[in-house]
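Turn these sequences into a full structure, and let the hints steer you where they fit.
So the protein lines, in turn, are chains S and L. With the first letter of the first sequence counted as 1, position 32 gets the number 31 in numbering that gives the first Met the number 0; the numbers rise by one all the way through. With the first letter of the second sequence counted as 1, position 171 gets the number 170 in numbering that gives the first Met the number 0; the numbers rise by one all the way through.
Take the hints with a grain of salt, since some may be wrong.
Identical copies go unnamed one by one, so any copy, or any two together, can satisfy a pair.
[As the list claims (entries may be wrong)] Result set (EDC-like, lysine to aspartate or glutamate): computed pairs, CA atoms no more than 20 Å apart in a straight line:
(1) Lys56 <-> Asp214
(2) Lys168 <-> Asp286
(3) Lys236 <-> Asp61
(4) Lys57 <-> Asp252
(5) Lys111 <-> Glu254
(6) Lys57 <-> Asp214
(7) Lys322 <-> Glu18
(8) Lys236 <-> Asp279
(9) Lys56 <-> Glu297
(10) Lys12 <-> Asp33
(11) Lys260 <-> Glu229
(12) Lys8 <-> Glu190
(13) Lys301 <-> Asp286
Hints listed in this document are in silico derivations from the structure and should not be mistaken for laboratory results.
2 protein chains.
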Amino acid sequence: MLSREIHLKSYPKGLPSSENFELTTVTVSEDLGDKEVLVRNLYMSVDPYMRGRMSGKKTYVDPFALNEALTGGAVGRVVASRHNDWPVGTLVSHFFGWREAFKTADGRQLTKLPDMQDLSPSVWLGALGMPGLTAYAGLLEVAAMKEGETVFVSGAAGAVGAIVGQIAKIKKGRVIGSCGTSEKAAYLTTELGFDTALNYRQAPIAQQLAQAAPDGIDVYFDNVGGDHLEAALPLMKNFGRIALCGAIAQYNDQEPGPGPKNLAFAIIRRLTLRGFIVSDFAGMQKDFVRDMSLWMKEGQVKARETIVEGLDQALPAFLGLFKGENTGKMLVRL
Amino acid sequence: MLSREIHLKSYPKGLPSSENFELTTVTVSEDLGDKEVLVRNLYMSVDPYMRGRMSGKKTYVDPFALNEALTGGAVGRVVASRHNDWPVGTLVSHFFGWREAFKTADGRQLTKLPDMQDLSPSVWLGALGMPGLTAYAGLLEVAAMKEGETVFVSGAAGAVGAIVGQIAKIKKGRVIGSCGTSEKAAYLTTELGFDTALNYRQAPIAQQLAQAAPDGIDVYFDNVGGDHLEAALPLMKNFGRIALCGAIAQYNDQEPGPGPKNLAFAIIRRLTLRGFIVSDFAGMQKDFVRDMSLWMKEGQVKARETIVEGLDQALPAFLGLFKGENTGKMLVRL
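This is the structure in structure tokens:
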């Protein structure tokens, strides 16, 4: 079977370009050894955190290796198998994204997907996957949101932010979200039930946020960093909590920009700022899947996806994350 | 009785100067009404946080009023009394600093000082007072230091920092402190038992700290802000904790300087940064006094004081805080 895959050729400086990558075709032999399984991918995920792995430096995960296929979350179907636990037809999630097909020597790196009912298997890369758990753990555990609190979430139309806002509404919060287009803003308020949506391209976010939160903010879920964090700090209530999840505005900066000049509010207001990484919250996985499945079934959480077609579109999709081209989870159908 | 006191005449911009203040003399009548108490102050405290109250803006406390005596921690002795609970000779602590004497209508604003044994009553303004509780609560509760961890404290020769480092040593930590002179650095290592002392005026603090903490830092107790926080962030271990106590380097800035440009480490390393104010930890007062009294008695905590003489030296003493003129607690003997 021929499989296309994307290799990293060089570590990009600044915004990655097509020159840093190579789309190549390999042959995946259908001649299986004992316990081997052949998987054809259906969807792969592109996520902002992957930019960090392209830097060539170790952060909390190793950098991507050069001249190998990139990796990342994906879902696929077993199309050939010599392993009794993984019969042909089994839907699986795994970390062998950025390629169309692959073989694996046993099932240890595969996760069987639960009965889908009416849901596309792609939800396991979004609302029921890593971005969903990020939102769930970040809001309820890291920021310890309590019922009725005022929550601000940046990047609110993204894969994580949209779920954060909807969980905060389920928890009877007042929810303010920021995003980069008026279409997204309308989506947040009319489709997802946000109380207020701010388009940060329309006016300075600090000014809009101050108007939107005259009584202050209890929880800020930060996906953006930069000016958004600086805008939130002076509006935080006493004992407010800031979950530091990401700083997409800065991922392609070659030199880090200045930090928030008003961090003194952390003292004055007794704030807690806590950085987190979803993999530290694997222990919440079971509760998360139970709650999120129910919320989705009841229509309390909607999980829009932005899907592009074909591996040759994976790189534009990835780069599109930094231009805000996605609403909800950005996915590549393979 | 004549009493000199210091009034605030105008809200300073930048570093305060003598023009913002007025030393004036008032008459405190010794003709006492029922339940009135007359106190002659012995020591008053000057503290960096007072700069915030001179800004004219509300932070976590109200600003100082203009054309009135400033306030702040002080200890004194009852010299006349028509209140049975407060007989002449009683040693008291209270918040009527920046003056030599005052009358109070009842004892509610006074705290009786416990049996002093060999200690000067001034310790209730330092190691056994607000700075001591700040160190104790900040290190053990806010930063949740565990035995054997590596602790970095900035402003380590100051009233709070010197106590932080000594408690961290009692808790079997490896302790690194920063200060601004080589005399202070020698004091920290030879007198207070710090493992390493860094003079930030000798070389960039980031460089010195990286050498002093090759295996990383578990807890950073930040009294300074600015470059010290930026130096600590990339050296923090996973799940490290930063207690944000003060930012003395910035208290006189008219425009806030840039924040740490490497706050992304808070995510990568899953750090918790928590701002705090000592008054929120009044519930720890009893444990604190018990532990600290014992530690001082056993010689495990030494509490050096820098004492200036006379109310006319109070303003130079206060301004001296920002130039690092004190080792340990800065006090004015009245």
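Results for each hint:
In this assembly of identical chains, the alpha carbons of Lys56 and Asp214 lie at most 20 Å apart only when taken from different copies (18 Å versus 42 Å within one copy). With identical chains, the CA atoms of Lys168 and Asp286 are at most 20 Å apart within one copy only, with a shortest distance of 18 Å there and 41 Å across copies. In this assembly of identical chains, Lys236 and Asp61 lie within 20 Å of each other by CA distance solely across copies; the values are 17 Å between and 37 Å within a copy. Proximity of Lys57 to Asp252 under the C-alpha cut-off of 20 Å is restricted to the intra-copy arrangement: shortest distance 17 Å within a copy versus 37 Å between copies.
In this assembly of identical chains, Lys111 and Glu254 lie within 20 Å of each other by CA distance neither inside one copy nor across copies; the values are 42 Å within and 56 Å between. In this homomeric assembly, Lys57 and Asp214 come within 20 Å of each other (Cα to Cα) only across copies, at 16 Å, whereas the closest approach inside a single copy is 41 Å. Taking the shortest Cα distances, Lys322 and Glu18 sit within 20 Å of each other inside one copy (19 Å), while across copies they are farther apart (53 Å). With identical chains, the CA atoms of Lys236 and Asp279 are at most 20 Å apart between copies only, with a shortest distance of 15 Å across copies and 27 Å within one.
In this homomeric assembly, Lys56 and Glu297 never come within 20 Å of each other (Cα to Cα): the closest approach is 43 Å inside a single copy and 49 Å across copies. Taking the shortest Cα distances, Lys12 and Asp33 never come within 20 Å of each other, neither inside one copy (43 Å) nor across copies (78 Å). In this homomeric assembly, Lys260 and Glu229 come within 20 Å of each other (Cα to Cα) both inside a single copy, at 7 Å, and across copies, at 12 Å. For the homomeric pair Lys8 and Glu190, neither the shortest alpha-carbon distance inside one copy (41 Å) nor that between copies (56 Å) is at most 20 Å.
In this assembly of identical chains, Lys301 and Asp286 lie within 20 Å of each other by CA distance solely inside one copy; the values are 18 Å within and 50 Å between copies.
Of the numbered hints stated above, those contradicted by the structure are hints 5, 9, 10 and 12, listed in ascending order.
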